[in-house]
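**Student:** Throw the hints in and build the complete structure from the sequences for me.
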Amino acid sequence: MSELSEDTKQKIRDHFKDYPTKQAVTLPALHMIQDQKRCVSNDAIKEVAELLELSASQVHDTLSFYGYFRTEENPIGQKRIWVCRSLPCMLRGGEELLAELCERWNLLPGGTTPDGKVTLELAECLGACDGAPCILVDDELSLNMTVDKVESDVAEMFR
Amino acid sequence: MENGTFEPVLLKRIHQKDSDKLATYKADGGYQALKKALAMKPEEVIDVVKASGLRGRGGAGFPTGLKWTFLPKNVEGPIYMCINGDESEPGTFNNRILIEEDPHQVLEGIVIGSYATKATRVYFYLRYEYGRCYRTLKKAVDEMYANNLLGKNILGSGYDLDIVLHRGACAYICGEETGLIESLEGKRAWPRIKPPFPAIEGAFRRPTVVNNVETMACVTHILQHGPEWFQSMGIAKDANNPRDAGSYGPKLYCVSGHVNKPGLYELPLGVTARELIDVHAGGVWKGRKAKAVVPGGISMGFMSGDELDTKLDFSGPGTVGCLGLGTAAVIVLDDETSMIDALYNCCRFFAHESCGQCTPCREGTAWSTKILERIRAGHGKLSDLDTLQEISATIGTIPGTTICGLADGAAWPIKTALKKFRPEFEEYIKSGKRSESKVLAGAH
Amino acid sequence: MPTVIVNDIEVEAGPKENLIQAARRAGVEVPHYCWHEELSVVASCRMCLVECGERKEDGSVVMGPKLVPACQTPVRDNVVVKTDTEKVRSAQGMTLEYLLLNHPLDCSICDQAGECYLQDYTYKFGKAHSRLDEPKVQRLDKYHIGDQIALFTDRCVMCTRCVRFTREISGTAELQVVSRGSVEEIDVFADQPCNNKLAGNVVDLCPVGALCSKDFLYKKRVWWLKSQESVCAGCSTGCSIEADQNENKVYRLRPRANPLAQGHFMCDEGRFGFKYIHDDSRIKRPIVKDAVRVSLDAAKSPSNGNGKLASDLSYADPWIETLALTRRAIAKAIGKNASGFTALLSPMMTVEEAYLLANYLKSLNKSVRLAMGPVPEVGVDDVYPKDPKGKAVDAKDAKFIIRAEKAPNRRGVEMVLKHFEGKVISFNEVVNSRSQIEAIYIVGGYPPGWVTDKMMQLTESIGLVIVQDILTSGLTERADIVLAGGSFLEKDGCFINYKSLVQAVKPAIRSPGDARQDGRVLMELCERKGLYNARVLRQEIAAKIPSLAALAIGDLGENGISLATKSAPSMAMT
Chain A
282 MSELSEDTKQ KIRDHFKDYP TKQAVTLPAL HMIQDQKRCV SNDAIKEVAE LLELSASQVH
342 DTLSFYGYFR TEENPIGQKR IWVCRSLPCM LRGGEELLAE LCERWNLLPG GTTPDGKVTL
402 ELAECLGACD GAPCILVDDE LSLNMTVDKV ESDVAEMFR
Chain B
28 MENGTFEPVL LKRIHQKDSD KLATYKADGG YQALKKALAM KPEEVIDVVK ASGLRGRGGA
88 GFPTGLKWTF LPKNVEGPIY MCINGDESEP GTFNNRILIE EDPHQVLEGI VIGSYATKAT
148 RVYFYLRYEY GRCYRTLKKA VDEMYANNLL GKNILGSGYD LDIVLHRGAC AYICGEETGL
208 IESLEGKRAW PRIKPPFPAI EGAFRRPTVV NNVETMACVT HILQHGPEWF QSMGIAKDAN
268 NPRDAGSYGP KLYCVSGHVN KPGLYELPLG VTARELIDVH AGGVWKGRKA KAVVPGGISM
328 GFMSGDELDT KLDFSGPGTV GCLGLGTAAV IVLDDETSMI DALYNCCRFF AHESCGQCTP
388 CREGTAWSTK ILERIRAGHG KLSDLDTLQE ISATIGTIPG TTICGLADGA AWPIKTALKK
448 FRPEFEEYIK SGKRSESKVL AGAH
Chain C
8 MPTVIVNDIE VEAGPKENLI QAARRAGVEV PHYCWHEELS VVASCRMCLV ECGERKEDGS
68 VVMGPKLVPA CQTPVRDNVV VKTDTEKVRS AQGMTLEYLL LNHPLDCSIC DQAGECYLQD
128 YTYKFGKAHS RLDEPKVQRL DKYHIGDQIA LFTDRCVMCT RCVRFTREIS GTAELQVVSR
188 GSVEEIDVFA DQPCNNKLAG NVVDLCPVGA LCSKDFLYKK RVWWLKSQES VCAGCSTGCS
248 IEADQNENKV YRLRPRANPL AQGHFMCDEG RFGFKYIHDD SRIKRPIVKD AVRVSLDAAK
308 SPSNGNGKLA SDLSYADPWI ETLALTRRAI AKAIGKNASG FTALLSPMMT VEEAYLLANY
368 LKSLNKSVRL AMGPVPEVGV DDVYPKDPKG KAVDAKDAKF IIRAEKAPNR RGVEMVLKHF
428 EGKVISFNEV VNSRSQIEAI YIVGGYPPGW VTDKMMQLTE SIGLVIVQDI LTSGLTERAD
488 IVLAGGSFLE KDGCFINYKS LVQAVKPAIR SPGDARQDGR VLMELCERKG LYNARVLRQE
548 IAAKIPSLAA LAIGDLGENG ISLATKSAPS MAMT
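Protein chains in written order, with my numbering: chain A, 282 to 440; chain B, 28 to 471; chain C, 8 to 581.
What the hints contain is simulated information worked out from the structure, not anything from laboratory work.
Model, not experiment: these values are computed from the prediction.
Glycine is no exception: its CB is placed at the ideal position from the N, C-alpha and C atoms.
Hints should not be assumed to be uniformly reliable.
For lysine-lysine, the following DSSO-like pairs were computed, each having C-alpha atoms within a straight-line distance of at most 27 Å [what the hints assert, rightly or not]:
id, chain 1, residue 1, chain 2, residue 2
1, B, Lys-397, C, Lys-143
2, B, Lys-397, B, Lys-408
3, A, Lys-327, C, Lys-393
4, C, Lys-291, C, Lys-373
5, C, Lys-23, B, Lys-221
6, C, Lys-23, B, Lys-446
Estimated spans, in silico, between C-beta atoms of each pair [unchecked claim]:
id, chain 1, residue 1, chain 2, residue 2, range
7, C, Glu-141, A, Glu-354, 46 to 56 Å
8, C, Arg-32, B, Pro-223, 49 to 59 Å
9, A, Glu-331, C, Gln-235, 39 to 49 Å
10, A, Glu-331, C, Gln-546, 32 to 42 Å
11, B, Pro-223, C, Tyr-130, 35 to 45 Å
12, A, Glu-331, C, Gly-520, 24 to 34 Å
13, C, Asp-15, B, Pro-223, 30 to 40 Å
14, C, Lys-143, B, Leu-409, 55 to 65 Å
15, B, Ala-420, C, Lys-143, 42 to 52 Å
16, B, Asp-362, A, Lys-430, 52 to 62 Å
17, A, Glu-331, C, Glu-122, 36 to 46 Å
18, A, Lys-298, B, Ala-420, 44 to 54 Å
19, A, Glu-331, C, Glu-141, 37 to 47 Å
20, C, Glu-547, B, Pro-223, 30 to 40 Å
**Tutor:** In structure tokens, the structure reads:
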């Protein structure tokens with residue numbers, strides 16, 4: 282049983298034309314898989330390696346370097362919320378925002394709510410310092426956040 | 028955006044309706060610069076950019092036109108242009124706003140730059156967190172293909188170019204040009220040893236130019252208005268210093284931290300920190316004073332509140348012990364801020380983002396963070412400050428102990444904080460004070 | 008050749024060398040971890056930082072402002088290198104302090120202690136104490152890295168030599184770096200351990216005690232080991248090795264860098280395949296069966312007739328009598344029918360051994376037939392690097408080849424055979440001519456399992472079977488006379504590998520019991536004067552056998568000498 286659908290595999294292959302090497306399709310492939318499955322399983326890594334003519338360990342090496350990807354032991358929830366804690370956000374309450382969310386949701390950074398809905402992450406500078414403190418929901422930035430605003434936004438997401 | 032008397036160039040269309048659309052851009056004279064460029068020889072385009080004195084906006088300030096001339100002549104096979112959209116330096120968000128609001132002026136510059144360097148493919152490396160940028164860019168690129176601004180025989184010139192959007196995956200080091208290239212190639216983003224430089228052997232071992240997003244937006248305007256126009260702004264080169272390349276043109280200043288109006292301000296290079304903060308960004312919040320100011324992203328270190336008359340051009344921050352202008356991301360710390368907490372935050376950032384390749388950076392960033400953690404917990408020793416000092420003096424490309432500049436960036440906040448605020452650190456340690464700021468233990 | 012000035016010492020460097028290599032020529036050690044001459048340059052450990060400058064035409068020296076990694080800096084003419092300045096010393100001290108921050112000080116239980124570059128460099132370039140005030144980071148040991156490899160994770164200095172080896176040399180790419188920054192570690196992927204046939208090399212490459220050989224782990228402190236330079240007998244590549252022994256037991260083999268032979272590495276078959284030399288089935292003394300004694304009218308042996316000693320108290324040097332009886336048995340058989348006497352030489356023999364035996368038998372009677380014994384061959388040549396699908400690169404791009412021919416000296420023995428017999432008679436030809444053989448002298452020396460049914464059938468009906476071997480087998484049971492020989496790690500002589508490289512084989516240990524290296528046995532068998540001396544013998548061989556004239560040099564040096572002409576495969580070929 283293949284971990285990746287033929288459709289996904291084809292979409293990965295479709296990227297080959299854009300790069301002189303197949304290895305360059307590693308990040309696009311991993312993004313595609315994590316978007317679909319909320320993690321990149323070992324089987325998926327092996328199949329990507331097969332497609333890209335690499336060893337599984339090379340794909341995993343790359344995957345593990347970036348803070349973004351999750352393995353099958355630790356998938357993300359339906360929504361992933363990153364709270365920025367770098368200097369500009371820290372100066373305007375980013376650390377407190379993160380700490381308060383951890384407390385309210387009873388999570389440590391990296392953790393997922395028991396219902397599997399939300400994963401809370403800490404982030405280094407998200408590039409929205411004009412609206413500090415800021416958060417990133419999946420890949421959309423939200424600026425000038427408060428704990429209450431995060432909570433109401435989350436409630437909205439799952440309405 | 029408040030810009031005083033200066034008429035914004037790069038931010039002209041920001042926050043206007045449909046500012047990201049090709050039609051809006053074209054109606055405002057968009058892609059005229061490209062037409063001009065395509066009517067010239069590629070070498071002539073490089074000459075124009077050289078004549079403008081444009082220096083890269085990504086942090087290092089290297090002259091853009093000169094960089095392009097490093098490509099080998101008459102090379103067989105492809106040349107690549109990489110656009111560095113991995114903007115991750117704390118405090119920096121100018122490229123995000125440029126791309127989200129006005130992608131075409133960036134893309135036009137990219138096509139011009141690619142034509143000038145004879146690149147046939149562009150890899151636009153965009154940090155993953157910029158999802159909106161990605162979607163905006165994708166639409167803009169699609170529009171360009173549909174309007175013969177990309178693809179085969181652009182505007183009938185015989186020049187072919189493709190743009191590939193490539194998303195990162197949350198790693199600061201991908202902003203280092205060879206880290207970016209390694210990441211693009213599907214590997215861990217461990218910066219390469221140089222030489223060879225990317226111009227000779229870059230992406231996929233081919234000649235490659237790597238340029239910042241704002242730099243390419245400037246290229247558009249330089250072609251449009253000419254190098255003299257560009258040189259009419261900013262700070263002229265120091266006639267007494269043959270190595271000074273000057274600081275010309277408009278610059279996007281990101282202002283964040285303890286100011287009343289954080290935001291992006293476009294001004295001619297060389298505005299003072301004081302003017303930027305007080306006149307443009309509405310002053311320090313809560314009626315307080317600035318205790319310290321980061322001039323260009325935390326890598327550049329701290330200016331003290333006494334150094335605010337420093338000009339924020341390429342050479343100004345260096346005169347007060349900072350590493351440079353960096354990304355021109357100004358972060359203001361008010362007089363209630365603990366420099367211990369601020370420095371800890373910087374150290375933790377670099378420990379988190381060190382790629383782990385070079386021993387001094389990998390270990391030095393983690394160690395300095397641990398020391399500051401201990402100081403914050405009330406267990407500091409005065410000798411810790413000497414150790415921190417020594418760490419900061421021994422990591423980076425300036426002493427020559429690392430491959431890339433990340434460690435220089437990690438060293439400068441330590442150096443400048445200890446130099447300018449040492450009494451505060453000593454007092455903190457002597458009193459056995461503990462930090463009140465909330466930080467999640469072990470969360471890095 | 009560029010002139011390089013290292014700490015004021017002027018040397019000529021090779022054109023493609025880096026500053027570490029140039030400094031070596033000046034007798035200056037530049038410490039380094041990540042750099043290895045067979046691997047790509049990453050310049051990441053930052054241990055090899057030096058000051059670098061240029062000597063101008065007027066003799067003045069201009070030094071660069073920064074430290075540079077010596078590994079990454081190629082030599083140029085008039086480059087000035089300084090390795091002993093305050094700046095360099097300080098950087099070396101800091102790098103070592105950084106590396107030791109989280110390194111456990113568990114040298115007392117670390118296998119690497121005594122041959123550890125962290126120890127050595129700390130002693131030479133480091134600081135006496137660490138300023139770290141926080142607890143060290145502890146990490147889990149990883150015994151899952153490979154069947155033969157354990158990773159003591161917190162000892163690792165992240166030089167990535169091991170990762171680069173599996174990507175660039177074996178091509179199997181099992182090893183990876185996981186995570187980034189100060190939390191990164193070496194690991195394998197999930198269920199794919201590092202078990203390729205070259206895997207053991209990563210243990211040698213590891214400059215610290217992180218990657219350890221499970222086979223050697225906790226067996227011996229390395230300072231008790233004595234190393235002998237020799238040659239692996241596992242295949243016709245003939246890797247140069249160090250055999251490390253203590254109290255007559257070989258604990259491990261390690262590759263010894265030899266650009267003329269294999270390069271820097273060796274395969275695991277060779278590395279771990281020597282264990283049979285310490286097997287209980289080693290033949291520990293020569294045996295003459297009672298039936299032979301009877302036929303030679305000799306006195307009964309002090310044994311019970313099956314080669315087993317009646318009593319250990321009856322000890323006496325058994326060789327004097329054995330060899331006398333052997334000579335008589337051979338003489339008798341040749342007297343009866345010289346062309347019915349066949350000797351099977353083994354590709355495990357040294358050139359000197361083959362020469363002694365061939366020369367002896369032919370001097371007794373020219374009609375004695377000399378032939379080649381079995382030449383073990385397994386599969387095809389195993390070429391590295393592999394691609395991710397396991398396909399090997401073209402042999403011309405090979406970085407390592409494990410050869411199908413599992414014997415070290417077929418070439419050398421064949422050259423001897425050609426000289427004395429005029430041609431090489433194969434084992435199969437011997438088998439096919441079985442009916443004409445009345446007496447046979449079989450030399451073994453192979454690893455276990457070489458005695459096939461074919462071999463047993465061959466000897467079934469032969470009147471006199473003399474076997475010179477190291478391990479008991481059906482053949483030694485069958486033999487009338489068994490001469491207890493020496494394994495390759497007990498021999499003194501030379502092997503000629505697949506590309507005609509003659510390398511010296513030197514004894515790391517003595518043979519067990521009364522067994523003796525074959526050269527000595529043969530010396531005494533043919534009653535030559537003097538003690539066995541491979542060097543002297545080589546000069547004799549050179550004088551007699553024109554194709555081996557190059558052996559006149561006697562001393563073959565560390566790397567050996569090539570018999571091949573200039574058009575032979577390039578020396579860089581491994």
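**Student:** Each hint: holds or not?
**Tutor:** Tested hints:
Distance hint between Lys-397 (chain B) and Lys-143 (chain C) is fulfilled; the C-alpha atoms sit about 11 Å from each other, no more than 27 Å. Between Lys-397 (chain B) and Lys-408 (chain B) the alpha-carbon distance is near 13 Å, which keeps this suggested pair within the 27 Å criterion. Restraint check for Lys-327 (chain A) and Lys-393 (chain C): the C-alpha separation of about 18 Å stays at or below 27 Å, so the hint holds. For a cut-off of 27 Å, the pair hint linking Lys-291 (chain C) to Lys-373 (chain C) is broken: about 33 Å separates their Cα positions.
At roughly 17 Å between alpha-carbon atoms, Lys-23 (chain C) and Lys-221 (chain B) fall within 27 Å of each other, so this suggested pair holds. Our distance criterion of 27 Å between C-alpha atoms is broken by Lys-23 (chain C) and Lys-446 (chain B), whose separation comes to about 45 Å. Between Glu-141 (chain C) and Glu-354 (chain A) the Cβ separation comes to about 29 Å, which falls outside the hinted range of 46 to 56 Å. Hint check: Arg-32 (chain C) to Pro-223 (chain B), Cβ distance near 26 Å, so the stated range 49 to 59 Å is violated.
A hinted range of 39 to 49 Å holds for the C-beta pair Glu-331 (chain A) and Gln-235 (chain C), which are about 46 Å apart. A beta carbon spacing of about 59 Å between Glu-331 (chain A) and Gln-546 (chain C) contradicts the range 32 to 42 Å that was offered as a hint. Range check, Pro-223 (chain B) to Tyr-130 (chain C): about 37 Å between beta-carbon atoms, so the 35 to 45 Å window is met. A hinted range of 24 to 34 Å for the beta carbons of Glu-331 (chain A) and Gly-520 (chain C) is inconsistent with their spacing of about 55 Å.
One distance hint, 30 to 40 Å for the beta-carbon pair Asp-15 (chain C) and Pro-223 (chain B), holds here, with the actual separation near 31 Å. Checking the proposed 55 to 65 Å range against Lys-143 (chain C) and Leu-409 (chain B) shows it is violated: the Cβ atoms sit about 23 Å from each other. For the hinted restraint 42 to 52 Å between Ala-420 (chain B) and Lys-143 (chain C), the CB-CB distance of approximately 24 Å leaves it violated. Range check, Asp-362 (chain B) to Lys-430 (chain A): Cβ separation about 28 Å, and the 52 to 62 Å hint is violated.
At roughly 40 Å, the beta carbons of Glu-331 (chain A) and Glu-122 (chain C) sit within the given window of 36 to 46 Å. The hint said 44 to 54 Å for the Cβ distance between Lys-298 (chain A) and Ala-420 (chain B), and at roughly 49 Å that hint holds. For Glu-331 (chain A) and Glu-141 (chain C), the hinted distance range of 37 to 47 Å is satisfied, since their beta carbons lie about 44 Å from each other. As the Cβ distance of Glu-547 (chain C) to Pro-223 (chain B) is approximately 56 Å, the hint placing it in 30 to 40 Å is violated.
In this structure, the earlier hints numbered 4, 6, 7, 8, 10, 12, 14, 15, 16 and 20 are contradicted, and the remaining ones agree with it.
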